[in-house]
Amino acid sequence: MTFISILYGLLFWAATLILVIGVGRRVHLYWKVPAPLKIVTTPAPVTRSGVVWRMFKEVVFFTSLFRASKYTWVFAILFHMALWLVLLRHTRYFMDMNSFLVFMQPFGRYAGFAMLLGLTGLLGRRMLVDRVRYISAPSDFLMLLLLLSIGVSGMMMSFGVHTDIVQVKAFFHGLMTFDWQPLPGDPLLLLHLLLVAVLMIIFPISKLLHAPGVFFSPTRNQVDNPREKRHVAPWARELEREHKLYADDTPTAPVSR
Amino acid sequence: MADYDIPELNGAGYIKVPALERDTMKGKGPFMAKPEFQEALHFPDDFEPVEGGGYTLVPDWKEKALAKLDDLRHRYRSLQLYLDICVKCGACTDKCHYFIGTRDAKNMPVARQDLLRKVYRRYFTFAGKHFPRLVGAVDLTEEVVNDWYNYYHQCSQCRRCSVYCPYGIDTAEISMAAREILDTIGRGTKYNNEIIGKVFKIGNNLGLPAMALADTLEGLEEDVEDDTGIKVRFPLDEEGAEVLLITPSADFFAEPHVDGLIGYAKVFHEAGISWTLSSHASEAANFGMFIGSYENMRRIALRIREAAIRLKVRRIVFGECGHAWRVAYSFLNTLAGPFDFLDPKYPVPQHILEITWGLIQEGRLVLDKSQNDDKVLTFHDSCNVARATRMGDRPGGQFEIPRQVIRAVCNHFVDMPADTIHDATYCCGGGGGLLTDDLMELRVKGAQPRMEALKYVTEQQGVTHMAAICAICKSQFTKVIPYYGFTMDQIVSVHQLVSNAIVLKREVSVQARPDADDADDDSDDA
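So the sequence lines, in the order shown, correspond to chains A and B.
Residue numbers for the first sequence follow this note's numbering, so the first one is 867 and each next one is one higher.
Residue numbers for the second sequence follow this note's numbering, so the first one is 32 and each next one is one higher.
If we strip away everything but chain A, and leave its shape as in the complex, we get (with noise of 0.2 Å):
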């Protein structure tokens, strides 16, 4: 067992947990916090499943995105859609080969350029839109540079300077099942991880929550039916409960009817 070998397990569980736990942190404080009016960006769907309708356009084929900008569209659905196929490819160091993974190969492989071809469309545009490139900050380049030299590194792996994959994957399936394995000695490959880990460190801290925040944007997963159906958030019944107008106020008597 190399020094290396150890020193990346004990990071990939650690990014492991601060990923997890992060993200999990942050979709329940966005679970528990109430939205106290109903702000659905209209015209809206009138019910729960026109609602998830909506949300599935928007998060598969970015609808809005698509009527503000057609440049960004282009490059956002090349990178957001191939980072999908890379990532499902890359689950077959996870788990057994099946039909379908195998079927998915190729898909994965390729892929990778449009990826490439997608974050420097979105690089590009950073640096050279003006109104763009005034609200980045050196965050925002970094997290496209991150990305792109994971990609870069990943597929100078795919297409030149091979590693030994089947190692990799025992060490991966290592990392599960608690029997450790040697990870290869690539700096490839160990660049290649380490970004990895860095990405997945930062996810919980940075705009990489838009994925799960998405979900809970309320003028977007709210339902259009305000005067149907009462809408309260429990700080707002609080008020209504103690007759107050103001949160820090005496109570005052209601109207009677």
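Since the hints were made in silico from the structure, they are not lab data.
Watch out, some of these pointers could steer you wrong.
Claimed, not checked - Straight line, CA to CA, 27 Å or less: simulated BS3-like cross-link-like pairs of lysine-lysine:
| no. | chain 1 | residue 1 | chain 2 | residue 2 |
| --- | --- | --- | --- | --- |
| 1 | B | Lys99 | A | Lys898 |
| 2 | B | Lys376 | A | Lys1110 |
| 3 | B | Lys229 | A | Lys1095 |
Claimed, not checked - Output of the computed footprint for chain A on chain B, the stretches with three or more beta carbons under 8 Å from beta carbons of chain A:
| no. | region |
| --- | --- |
| 4 | 105–114 |
| 5 | 255–262 |
| 6 | 458–468 |
| 7 | 495–502 |
Where a beta carbon is used, it is the ideal one built from N, C-alpha and C, also for glycine.
With chain A held as given, fit chain B onto it using these hints.
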């Protein structure tokens, strides 16, 4: 005419996105509220005037501002979520009418949000606490507060940006929260907070007392009788009426608003629906929304509930007003419900256009479209109606019903370009608590996109008039369109068009004047 440049219209029917500029609208913001206005709204009043104008902040303002931000992010999911999840994709950057009109970088929706987000990150996130420069987090300083005050009062909360954001991030939610934070540290606006004070004290934004309102309405009855020979009633505080009408107080005297009010009265008259206004709730507007204060918004909304109970009405109907319809349609049930004491046959509340369109469909109104033949109409979708409410049963009814009513009373109607109507509509430039003369430059520049669209249909399709269904839109447009070469009488109320076309067949109102000796017993019952 003004000491700033009026944006030039290209007449091509599309909006040219301007190149970014810095600080073109940097300034002191609107006039600030005096301590006494703040106190009336239950905000802190322990701040003092300073020489040369303006006020100090309250003692310990920094701690109080951060505490308020922390409080609000635990009460409003929108705030917490939207501060967290923006990816800076830029989809919203060219969508704001104030950015287009002023070119000021901080008027891009995401940049406006960032004024608060940068402070949120600095004090409430791991990355901002430890790596502020990396994520663009900043300390809360008085300069930041000044920027908040200035730029959060250059947002009309029209939500156009939220339509295009892939996560639905709504800058209105951020600007409302920012204004509430500002109110808790002594930075309220004179315009909004003085008006809310008047609503609490007198019942409406204009400070029009009940006696004056009664006189005004009596005058309107006389005007309509002179005009048509028929006693159309404008009832006030008449107990037992079927409908309580809540309408913006501008409808009582401003042009073209009042012509809309005459239209509502004629519709109720012809349909034989008894109705009343209330002196207790003689205002549909609810500026509590503009300042992001749930408590003040609720306190204003509760007047309507109280009026409905006292007057023993069976339905509540709202007149033409954009943000008021948002508070009515989306929030009233939340703030002042449940309305289980009203007639369950009708939604609570209803929009006057839902009433009028229903009557037109039932064939209960006789309409002479030729009365509007001197006009070619177009219709301005009010931002709040378009993107924050609905009319009728189906999504998009808020676009269809006003147009159907206009088509039913006018022969000539055309729409403006598609990317400026329906939910892509541009704000008039005066909404969200900015309809004050101390923000005139902003209002003129913010109207540019709408003016661009209007110019296009004027030149291409001979449009002569633009109809609106919002008191703020009507006031804003009549004031700013002269800057763009139009005349103020080109703005009309939708119910003004109805009023022109409606043929009064009912000789006697179903509602006798309370003081009339010879109350007519033959009147129909609604």
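(message) So if I understand the rule, the pair passes when the alpha-carbon distance is 27 Å or less; does Lys376/B with Lys1110/A pass?
(response) violated, 31 Å
(request) Would you check the hint for Lys99/B and Lys898/A, treating anything up to 27 Å between C-alpha atoms as holding? (result) holds, 19 Å
(request) Please count how many residues of the region 255–262 of chain B have a CB within 8 Å of a CB from chain A and say whether that reaches 3. (result) violated (count 0)
(message) Count the residues of the region 495–502 of chain B whose Cβ falls closer than 8 Å to any Cβ of chain A, and tell me whether that reaches three.
(response) violated (count 0)
(message) Verify this for me: three or more residues of the region 105–114 of chain B with a beta carbon less than 8 Å from a beta carbon of chain A.
(response) holds (count 8)
(request) Please work out if Lys229/B and Lys1095/A have their alpha carbons no farther apart than 27 Å. (result) violated, 32 Å
(request) Can you take a look at whether the region 458–468 of chain B is actually covered by chain A? Rule is 3+ residues, C-beta closer than 8 Å. (result) violated (count 0)
Checked against the numbered hints listed earlier, the structure breaks hints 2, 3, 5, 6, 7; every other hint is satisfied.
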